[in-house]
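J.: With the sequences and hints as input, model every part of the structure.
Protein chains in written order, with the numbering used here: chain A, 2 to 193; chain B, 1093 to 2095; chain C, 199 to 402; chain D, 821 to 1300.
Hints in this document: simulated from the structure, not taken from any laboratory. The structure displayed is predicted, hence computed values, not measured ones. Don't take each hint at face value.
Calculated cross-link-like contacts (lysine-lysine; reagent style PhoX-like; alpha-carbon spacing at most 25 Å) [said to hold, decoys possible]: (1) Lys1299/B x Lys1280/B; (2) Lys1571/B x Lys1246/B; (3) Lys1180/B x Lys1210/B; (4) Lys1147/B x Lys299/C; (5) Lys1711/B x Lys1837/B; (6) Lys1282/B x Lys1475/B; (7) Lys313/C x Lys291/C; (8) Lys1015/D x Lys130/A; (9) Lys1578/B x Lys1259/B; (10) Lys1259/B x Lys1475/B; (11) Lys334/C x Lys2016/B; (12) Lys1246/B x Lys1790/B; (13) Lys1837/B x Lys334/C; (14) Lys130/A x Lys925/D; (15) Lys284/C x Lys1147/B; (16) Lys1781/B x Lys1814/B; (17) Lys1814/B x Lys1833/B; (18) Lys1711/B x Lys1180/B; (19) Lys1256/B x Lys1282/B; (20) Lys1259/B x Lys1246/B; (21) Lys284/C x Lys334/C; (22) Lys1020/D x Lys129/A; (23) Lys1711/B x Lys1282/B; (24) Lys1793/B x Lys357/C; (25) Lys334/C x Lys1147/B; (26) Lys1278/B x Lys1246/B; (27) Lys129/A x Lys1015/D; (28) Lys1147/B x Lys294/C.
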Amino acid sequence: MPKEKNKFFLGVFTDEDDVKPATQACADADFTFHDVFAPYEVHGLDRAMGLSQSKITWVTFLCGLMGTTIALGGMSYVSWWDWPLNIGGKSPFPLPAFIPVTFELTVLIGGVCTMMGLFALCRIFPGKKARLFHPRVTDDRFVIVIEVDEDFDEAKCREIFTRHNAEEMKLVDHDYAADPADAEASVEGGAA
Amino acid sequence: MEIQTQNDDFSDMPAELRQEAEQVSKSRRDFMKVTGMAAMGAVIAGCTAEDRIVKPLVNKPEGITPGVAYQYASTCQGCSANCGTLMKVRDGRPVKIEGNNLSPINGKHRGLNMDAPKAGALCAVGQAQLWTLYNPDRLQGPRHKEDGEVEWSKLDAAASAAVKGGKVVLLTGTISGSSANAVIGKLKAKGAHHVSYDAVSRYSIAKAHADTHGKSAVPRYRFAEATVVVTFDADFLGTWISPVEHARDWATQRDLKFGRDSMSRLVAFEARMSLTGANADERHRIKDSERGAVLVELANKLGANLGAAGKHSVPADVIEKLADELKSAGKRGLVVTGSRDVREQKLCNWINHTLGAYGTTLDLAAASHQKLGNDEDLARLLKDMEAGSVSTLIVWGCNPVYDLPDGEKFKELMGKVSNTIAITLRADETASECTWLAASDDALESWNDFEPVKGLHTLAQPGVRRLWDTRNGYSCLLKWMDDADKNKEYRDVLKAHWEANVLNGQSWGSAVEMGFVDRSAANSKTQPDFRPAGMGDAKAAGSVADTGALEVTVYESYNLRDGRHAVNGWLQEMADPMVRVSWTNLALMSPTTMEAQGVAEGDIVEVSADVDGRKASCKVPVMRQPGQAEGTVAISLGYGRTKAGPIVHGRGKEEDAVDPDLLAEGVYRIGGNAFPLMGTTAVGGSISKTGDSIRLAKISKHDSQEGRPILKQTSLEEWKKKPNAGNDQELPSADFTIWPKWEYKGHKWGMTVDLNACIGCGACQVACSVENNVPIVGKEEVWRRREMHWVRIDAYYEDDSPFDGNLTKNENPEVGFQPMMCQHCENAPCETVCPVIATSHSEEGLNVQAYNRCIGTRYCANNCPYKVRRFNWFRYEHHNLTMNLALNPDLVVRSRGVMEKCSMCAQRIYEGKRNAALNNEDVKDGNIQTACAQTCPTDAIMFGDRNDAKSTVARLEKDPRNYAVLAEINTRPAVTYLTKVRNRPAKKSELALEHDAHAHEEH
Amino acid sequence: MNAKLAVLFFLLTVGMAMPILLGIRSIPDIQLPNLHTGYQPEQPIPYSHRLHAGVLNIDCQYCHSGADQGRHATVPSLDTCWNCHKTVAGRTKTAKESIAKLREAYMSGEGVEWKRVHNNPDFVYFNHQTHVRIAKYIDADGNISDGVDCQYCHGDMAKNGVAKQQEQLAMGFCINCHRDQNERHETANLPARAPVSACDACHR
Amino acid sequence: MGHVYSPLRKPLVDGDKSMHDITHDVCRSIEGKPTALWWYGFLVSAAVLGVFLVVTGWTLYEGIGVWGLNKTVGWGFDITNFVFWVGIGHAGTLISAVLHLFRQKWRTSINRSAEAMTLFAVVCAGLFPLIHMGRLWIGFLWVAPYPNLRGPLWVNFRSPLLWDVFAISTYLTISAVFWYIGLIPDLATVRDRAKHWARKLFYGTLAQGWNGSVRNWNHYEKAYMIFAGLATPLVFSVHSIVSMDFATSVIPGWHTTIFPPYFVAGAIFSGFGMVLTLLLIARKTMRLESYITLDHLESMGKVIILTGSMVGLAYGTEFFIAWYSGSIYESFAFINRATGPFAWSYWIMVSCNVISPQTLWFRKLRRNPWFLFILSIFVNIGMWFERFVIIVTSLHRDYLPSSWSYYYPTTIEVLELVGSFGLFFFLFFLFVRVMPAVAFGEVKGVLKMGKNYDPTGASAKKHVPHDDKPAEGTPEVSHA
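T.: Below, the structure is given as structure tokens:
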């Protein structure tokens, strides 16, 4: 986030087939994206925005590995190191019998950590207030939010947005947030 | 174990304790207080630490440490065999009864290994005697029929008056003791009459001998001397005269361990399938009415000239062969019969005499005193009562209203007697008809003496202070007859009598410590001469007409005997070992007979018959019994008591499902009373369906082993040719394993069961239940297959016919018994699957179960191939608090929801190790015995250290007969079995294996 | 993935797992909270172990005479107390009162209801004789002594007035000692006297 | 960059729905007043749940003895129900995760409720191993390896039952996480439509401030893929591990190496059966015919016939191996299954699981919702009996004939089975009332799928590019 609070220029779209090329065009024009908003996952939009691949895979991998280590280490400790009991005449270190729990713990710890990693990377947490740039951005509107910085050329941006059938364009303050309660109104407006 | 105690009872306790205890009133709660004080560790109640109170004694008696058990010798009074016992007394209460290892009646060499210490055998009934002691349903004080509870003084006054005038009759069971007879002699001296009778009478034997040998006595049978035994309905391994002694003796001749290679032969002719018949090498099914004819024919074949025998179904060549066998056995042959017909007994006597058996296999000189009942005396008494000439009747230790064939009539006749007094443990059928009920001590809280065999005097001493306001029966008699000893404790009377008559200078202390004094060496060795004239019309027994009607056979049940143990929960639940249906007696019929009669299992039928001109009937459910003679129905005695009171088990009161109307009247009855159907000769009768049926509480639902190699067996012939005959199953090597094997460095406990010796009596089962606090659960739970016994006896009916889904169809199958307890597998499937390690393997080779760790998933039980784990489905508790005193304090009572199983008596193992360590020595083979091995009358179960090369168990591991059940699944059990060898020609299936083996050898 | 990264991952993973494992390892040494340690109920007679066992130096087994004879160490019967106290009247006021109580309890035959301090649960079998008379205790240096000191499990009673539970006496307490001793017995070549650490030694 | 929409593809959403229509259609059911039908279903299931609570309470109070089990048959309805419900719990994750990995877009309309079904089925399943413990009050704690006063005594990692503890709890956790992650965007939509403060707070908390940022979608897409990747082997592992409860034992009929794949196939079979049952009900009562189309049903029908035949093959294989092993115990166990006292349960199993699905070879039947509904019920019954057959018939006659016995279930056990359905449906009704039952976020993503569908097939070769870029060579992919 820039230190001095820039204004935002946003364009609202209704079709993913419009927003994707529009984003691409904005990226090509070297505009600084604040963000792009979509009601559902639009494949390729992140790439169009110029985002690289998510790092969350590393979280999963490392935590999964940790799960494996904890499982194997813990089970070896419990059955072999701490008190090797004679159970059914079997070895105190029955490796094949450890496989299921090792697998489960790998998945469990990997999975739970991935969830927490996702929340951390997305910076979301229970109680966080969602900042919306359009009342219906979680329903059926796509919004491209461009930061109004030194590279920004409003005319060019308007041109790009219009070319891609933007429903609405406006310049807003940096603390702008739409109220979802306006959604119904905008539905009627949109329908008209 | 050695008797390590003072030679006395608690009346010799230090005066202070006695004083203190006497201050406390005798109510039950106070009793708890006394024992609570004595037992420092006894847990009173509560689960939080803050609540636990410990109240030490004010004065501690010398020589008794709280928490330490002491053994006291005594005599079992469960039946009239009078085996020697040792009471394990802890904190003033007996917690276990075991056989006295020194007793000539039931002491045995452990594992037949002469170096090993001896152990004392006891049957299931003996093991279960604690129940009677602690059951609070017995009389807790003297009573009057109408007035209820009375003072002793009032009763004494009335009884003394009654004893003084008129014709006084004392009616008892067998009373053999020297001092006991002295007391009764004193009463007789005052003009009273003494009549004794046995509910299940052996008077016919005495009577026959009176005629044929001039001596009215039951001989002492010595099965240890016999090589050929022929039994005609005498269940000598189960209930006949002195079953523990007979079983022990018989088994010594069946032993093929440690190089012995000969076996006695047992041939049985019987109508019902008895325990003896099940163990016979050859068994023939005959109706009761055919018995005489077979005896006559056998006698004829042995040289008697009794004329043609009547009709019977046994092929002539069988009898011919048997006669040859007997002839070659000579004086080592023995023929016995359980018949109540004197003529048949005489035929027996003739055969035994002809064989020359008197003096070897049966001894009339040193006769048995175990059945002294005199049926003729009884008949006279009945006549006198009818005539109204009896003014006072004292009934003691017997229950004629219940157990006389015509009990109803006896009850009627009692009305004609002006004074009726019962000396009794409980208000049973007879006592409740008496005016006065003198509450007698239980056998375990009173002094007594016996002479089971001529010259063998045994003592019974109390193991506990009287629980309630009761009195020794002899003290009662002495008081009532106003004897000089009337104010003495009976112990002192007994002691004085013994010192004068029995001890012969031996010290009283040593007699009490031993529990008996053996003077039988002084017996004459000469047998009375046979008097041919005495035979009389014996041959007429051979021509009893077969009416063609359904014959009714009644027999003494193994568990309840003549009914005196009907309120014993342990015995009710263990069931008769042959029938294995708990909590009722049954009308047993062969499958074919059942079909012919149109009845099904569980149908309640009324069996009725004309017995000696009297109409009698009995209502019981039907059960199929393969091996029973066609056209017969067998019902066991001992059930159907109406005044025995309820039995309280882990699920509450047991109720009779046969007759709910009775229950509504508050009468608890289990099964039907078959005594009315008891006749001298064969009884013809009929059965009719009542339309009701019940779910039978069967211990086992399936009797065939489906051709699986579980109970392995062979014949003597084959075994002689090939020592591993019957045990030559090829197994994959058990040595291959992907894991390193665990080593057992110190002890490695194990058990060997000799299937040749196991007679299936179930003594181990009850011994185990008593030792290990195993609960009884009642009919409903047993029906659901939830009996808790840690050791069960599997009975397999050997059968060549194909699997029919339920029971064998073979009409005369062979039976094999196999005790099955936790096998303590080295590779235990149960251990692996427990999620919380509630079960694991000890370093001494045992599969241990930590009950308090168990969470009750039942996975271990599912995964147990032997199905020996028992789950506490409910909280099984003793609803009667005094019954808790019978619990063994050395191990816990399992709560609900946990799995339990045989621990190989861990508490006894640790005790043995502790004792060895105290003496700074290694554990000797035989010094540690599990409860089952300890009591086994035939030493079928042997326990020991498999790592000790000299131990019986380790030596038997090398025996070619040794095998592990289900060895093919490689569980490596610590319990192994020895192949059963039958002394009969090999069967085809057994031969086939042998030929295969030969074929292999040739290649 | 290059080799450097692989090493980094491995180190990271182990780095994450080790503290957890070491944490578990250290747990048996941490005394987990226990309901019973420190239990010191008020007794009907405030019997002072400090005075009797400490100052007067009376042997534990003089009173707890069952300890080498059987399962229970036993709370002494009143005649044991009275043996001395028929002549010893006590000096302090408390002592005099207490002895008067004892006298009353003994003479009347009422007895004293003590609160039990060391309570094993019902499902635990413990035998004093085994530990006091039979066992050999081998310390860390290999010195063998006959019997386990009372103090090992009961703490130093002479420190306290009224009896108090000082050790945890939970299964961990027992089994850790059993297993240590087992090893030391092996080392000292005393296998026959090695304590059993199988379940059935205590749970049966 | 844009989408190419193949004319060969049929639309996944019928009717001409806009994105907002979809939002509205789905949210309507959780925003408006519940329908009478919902109330009816909810109350009935709550009542049945009440029965479950009562009988389970009684079982805990009185002891496991209130069931009909005995020393030979230690598991009956309890573990049968457990395995049954775990099996049901398989299709949800499978539909969601595996189909996601395989890019099967038809999953979108059903995956949410299928996942919910998984979750609730696993909840029901997890209850039974708990209830079946003799001492639940300590057992639930003691199966966890936590440091304790017992010193070095932990848990037994050799025990398949402990593997179950880990497998089921992992499966429940990961399924819940997967479900919740999928829900977040939809919850954000619901939040933004909410009027009442309480709803705002509730959905706002759960949606965690999600605002559709593509920066977040970037991580989300990856994470979702990872979850799908984790959940897929998990689906297979869970029932494999459950099968090891039996496969690692020594009891003939249990000791079977083919159990893991056999159980997984059976689980998918039963899971699809249950999904079908629920979908057909939901489709009818919630008027979701536009979203759950006949094509969906047909696809599921095909899965059922495949897995049903696999299960049939497994039954045959077991018999073959029992004979081929030459073990008398093993062969008897299977003969006893088909002809013994429990033969009735065996033949119910075979007719429901193997014979009845074969009717689905006919396309007409595959596309007949009523027929499919009846069939799915058969499959559910059959699969319950499969577990019953495996558990009870193997146990009741194992090695020693002396211990052979029968098993008479008690009313309590039957009520617990019925009651568990009460719990399941109670949760399900709660779910459809509170959470968006269709993953409308994902449906919107496939809305355009098949919009160029040409039923005549005439335009098969004639691609209609939507934007300026030609899409030659990629006619079949749904995205570039």
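J.: Each hint needs a verdict: does it hold in this structure or not?
T.: Status of the hints after comparison with the structure:
At roughly 23 Å between alpha-carbon atoms, Lys1299/B and Lys1280/B fall within 25 Å of each other, so this suggested pair holds. For the given pair, Lys1571/B sits about 12 Å from Lys1246/B by alpha-carbon distance, which is consistent with the 25 Å threshold. At most 25 Å may separate the alpha-carbon atoms for a hinted pair to count; Lys1180/B and Lys1210/B meet this at roughly 17 Å. At roughly 15 Å between alpha-carbon atoms, Lys1147/B and Lys299/C fall within 25 Å of each other, so this suggested pair holds.
For the proposed pair Lys1711/B and Lys1837/B, the alpha carbon gap of about 60 Å is over 25 Å, so the pair is violated. Taking the CA atoms of Lys1282/B and Lys1475/B, the gap is about 22 Å. The hint holds against a cut of 25 Å. Proposed proximity of Lys313/C and Lys291/C is supported: the alpha carbons are some 23 Å apart, at most 25 Å. Restraint check: the Cα-Cα separation between Lys1015/D and Lys130/A comes to about 16 Å, which is no more than 25 Å; the hinted pair holds.
Our distance criterion of 25 Å between C-alpha atoms is met by Lys1578/B and Lys1259/B, whose separation comes to about 22 Å. Taken as a hint, the Lys1259/B and Lys1475/B pair is honoured in the structure, with Cα atoms around 13 Å apart against an allowance of 25 Å. With a C-alpha separation of about 21 Å, the suggested pair Lys334/C and Lys2016/B falls inside the 25 Å cut-off, and the hint holds. With a CA separation close to 49 Å, the supplied pair Lys1246/B and Lys1790/B exceeds the 25 Å bound.
The straight-line distance between the Cα atoms of Lys1837/B and Lys334/C is roughly 19 Å, inside the 25 Å bound, and the hint therefore holds. In summary, the hint linking Lys130/A to Lys925/D is not supported, as the alpha carbons are separated by about 32 Å, beyond the 25 Å threshold. At most 25 Å may separate the alpha-carbon atoms for a hinted pair to count; Lys284/C and Lys1147/B meet this at roughly 21 Å. A distance of roughly 52 Å separates the Cα atoms of Lys1781/B and Lys1814/B; the hinted pair therefore is violated under the 25 Å criterion.
Distance check on the hinted pair: Lys1814/B and Lys1833/B sit about 32 Å apart at the alpha-carbon level, beyond 25 Å; violated. For the hint pairing Lys1711/B with Lys1180/B, the CA-to-CA distance comes to about 41 Å; that exceeds 25 Å, so the pair is violated. For the proposed pair Lys1256/B and Lys1282/B, the alpha carbon gap of about 8 Å is at most 25 Å, so the pair holds. A hinted pair counts as satisfied when its Cα atoms are at most 25 Å apart, and Lys1259/B with Lys1246/B qualifies at roughly 22 Å.
Only pairs whose Cα atoms come within 25 Å are accepted, and Lys284/C paired with Lys334/C is rejected, the gap being roughly 38 Å. The straight-line distance between the Cα atoms of Lys1020/D and Lys129/A is roughly 12 Å, inside the 25 Å bound, and the hint therefore holds. Distance check on the hinted pair: Lys1711/B and Lys1282/B sit about 45 Å apart at the alpha-carbon level, beyond 25 Å; violated. Between Lys1793/B and Lys357/C, the direct Cα distance comes to roughly 65 Å. Violation of the 25 Å bound is thereby established for this hinted pair.
This hinted pair does not check out: Lys334/C and Lys1147/B have alpha carbons roughly 31 Å apart, beyond 25 Å. At roughly 23 Å between alpha-carbon atoms, Lys1278/B and Lys1246/B fall within 25 Å of each other, so this suggested pair holds. About 18 Å separates the Cα atoms of Lys129/A and Lys1015/D, which keeps this hinted pair within 25 Å; it holds. A hinted pair counts as satisfied when its Cα atoms are at most 25 Å apart, and Lys1147/B with Lys294/C qualifies at roughly 22 Å.
Hint violations for this structure: numbers 5, 12, 14, 16, 17, 18, 21, 23, 24 and 25, all remaining hints satisfied.
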